[in-house]
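**Q** If you want the building blocks of each chain, they are given just below.
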Amino acid sequence: MKLGLLLALVASPLGAQSVRGRLEGRVPTLAIPVVDSLVQVAAREDLPTEPLVQKALEGGAKRVPPQQIAAAGQVMLGQLRDARELLVRAGDAAPTTAAEVTTVYSALKRGLAPRVVARIVAALPQEPRGSALHAVADLAAHRFDADSAASLILDATRQGLRGERLLDVSTAVLHEAQRGRSRNEALALVRQRLPNVPPPPKPGRASIAGARRPEAAAPPP
Amino acid sequence: MNAIDPRIHQALDGEISRDSLPPELRGTVDRLETVAALLASAPAAAGLEARVMAALRRPAPPGAGARRLVRWLTTPHPVTFRIRPAWSLALAAAVALLTLVPTQEAGPVLGEHEGIAQFVGRFPDARSVHVVGSFNDWRPGTIPLEDPDHDGVWRATVVLPTGAYEYMFVVDGERWVPDHMVDRLVEDDFGRENSIVIVRTARR
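If you're matching them up, the sequences are chains C and L in order.
Residue numbering for the first sequence is 3 to 223, as defined by the working numbering.
Residue numbering for the second sequence is 971 to 1174, as defined by the working numbering.
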C-alpha cells in the first residue's frame, strides 16, 4: 500500500513533466499550463490523455491562438467523459480502457448518434469496436441510414467477419451505390452476399519498396 | 468325334497290306495318303524370327509416336539424381539467401501491426507539400510528398502502425488543406476539417 502511494506520488510529476516536454516549443506557452492541467485531470479520472496532447500539438502546428487550444482541450475532456459514460451504460465494466474510450470518442466525433454507438458497443462486448464503428460511420457519411448500416455490420459479425474485414463490408456497399443501386438495394445486396465481401488489394511490391517510415511515428491515439 | 477304324492306322503304318482291307477302307486310305502327299509338298511356313522382323520393318500407323510419348510421360519411371553433398549444401544456402535476405528494392520489412498509407494530393502550383497528422505528432516537415514528373500530383507512401489517424496536407509550408480525395473527414475544433486515414495491416 505504502509502495503504491509512493509510486503514485513519483509517477504523477514525472507524467506531467513528460507531457510538458512534448508541448514546450510546439504549443503556445500560455496554453501549456491549461493543457497540462487537463491532462492531469484526465489521468486522475482514468481517461485517455494522448488525445488531449495530440489536440494541443495539432493546435500548435496550425498556429491556433492559445485560448482556442485551451478551449478545444476542455471540450475534448468533456467528450471523453461522455464516451466513457456511454461505454459503461452500454455494458462495459469499469474501468474502461483508454483505447475503447478513444474509439467511442472518435465515433461520436465522426457524427454517429450515441444511440447507434451504444448499440454497436453492446453487441460486441468482447472485442475492439473501432473497425465496426468506422464502417458504420463511413456509411452514415454517405447518407446511409445509420441504424440500417449498424444492422448490416452486426450481421457481418454474426457471419464471422471481424476487425478490419468489417471495413470491407462498408466498402462493398459504397461500391454497389457507386454502380447506381439505391442505398437500400446496396445494403440488401451486400447482406445477401455476407460473409463474402472482397478484401482490399494488398499493397504492391513497388508501393512497399517506395515506402518510408516517418521520423516520429506515433502510436494511434 | 468319329472313331477311325484301327485297320486304317495299321495300313498307313505299313503293318498290314492294303489289299487285305475291304474296298471302302482301301478308298479311305488312298484319300489320306493323297492329302499327306499334298501337305508334304507345301512350302515351309515362315519362322517366328522372320515374322517378328517383318513386323518391325512395317511402317508405324499414324499417331503411334504421339501415343507412345503420352504413355512414356504418364508412366512412372525411376529417376536417380546423384549430387555431391557439398554441392547440395551450397544449393540450399543459395536458396536460403535468395528468400530470406531482403534486397535493396524490397523496401522496409513490415511488422505484424504495420501497414502502408498512401497520400496523394493534386497541387499544381505547389513548391512543397507535406503530410502532417497524429501519426507524426503533428510535426510539420517530416513527411514530404513528391512530384518527380511535375504533373502537379504529389505522393508519399509511408509505413505506419495500424490504426486510425487524422491528418492534413501543408502546402508550401503554410497552407493547411484537407485531403479531398478521401471521404472520411472530421471537424478539427479549430474551424477546419481533418481527413482520416485507416491504416490496415499489410500482412493479410
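It should be emphasised that the hints constitute simulated quantities derived from the structure, not laboratory data.
Quick reminder that beta carbons are idealized off the backbone N, C-alpha and C, glycines included.
Hints should not be assumed to be uniformly reliable.
Here are a few chain L residues that face chain C, going by a calculated C-beta distance under 7 Å [as the list claims (entries may be wrong)]:
| hint | residue |
| --- | --- |
| 1 | Ser1104 |
| 2 | Arg1170 |
| 3 | Ala1172 |
Restraint-style ranges between C-beta atoms, simulated for each label pair [what the hints assert, rightly or not]:
| hint | chain 1 | residue 1 | chain 2 | residue 2 | range |
| --- | --- | --- | --- | --- | --- |
| 4 | C | Pro197 | L | Arg1052 | 22 to 28 Å |
| 5 | C | Arg193 | L | Gly1035 | 55 to 61 Å |
| 6 | L | Pro1078 | C | Gln128 | 19 to 25 Å |
**Q** Determine for every hint whether it applies to the structure shown.
**A** The hints, checked one at a time:
The beta carbon of Ser1104 of chain L comes within 5 Å of a beta carbon in chain C, closer than 7 Å, and the hint placing it at the interface holds. With 7 Å as the threshold, the beta carbon of Arg1170 of chain L comes within range of chain C, its nearest partner Cβ sitting at about 5 Å, so the hint holds. Taking 7 Å as the C-beta contact cut-off toward chain C, the hint placing Ala1172 of chain L at the interface holds, the least distance being around 5 Å. A beta carbon spacing of about 52 Å between Pro197 of chain C and Arg1052 of chain L contradicts the range 22 to 28 Å that was offered as a hint.
Distance hint for Arg193 of chain C and Gly1035 of chain L: a CB-CB separation of about 59 Å, consistent with the stated range 55 to 61 Å. The supplied range of 19 to 25 Å is broken by Pro1078 of chain L and Gln128 of chain C, whose beta-carbon atoms lie about 34 Å from each other.
Consistency note: the structure conflicts with the earlier hints numbered 4, 6.
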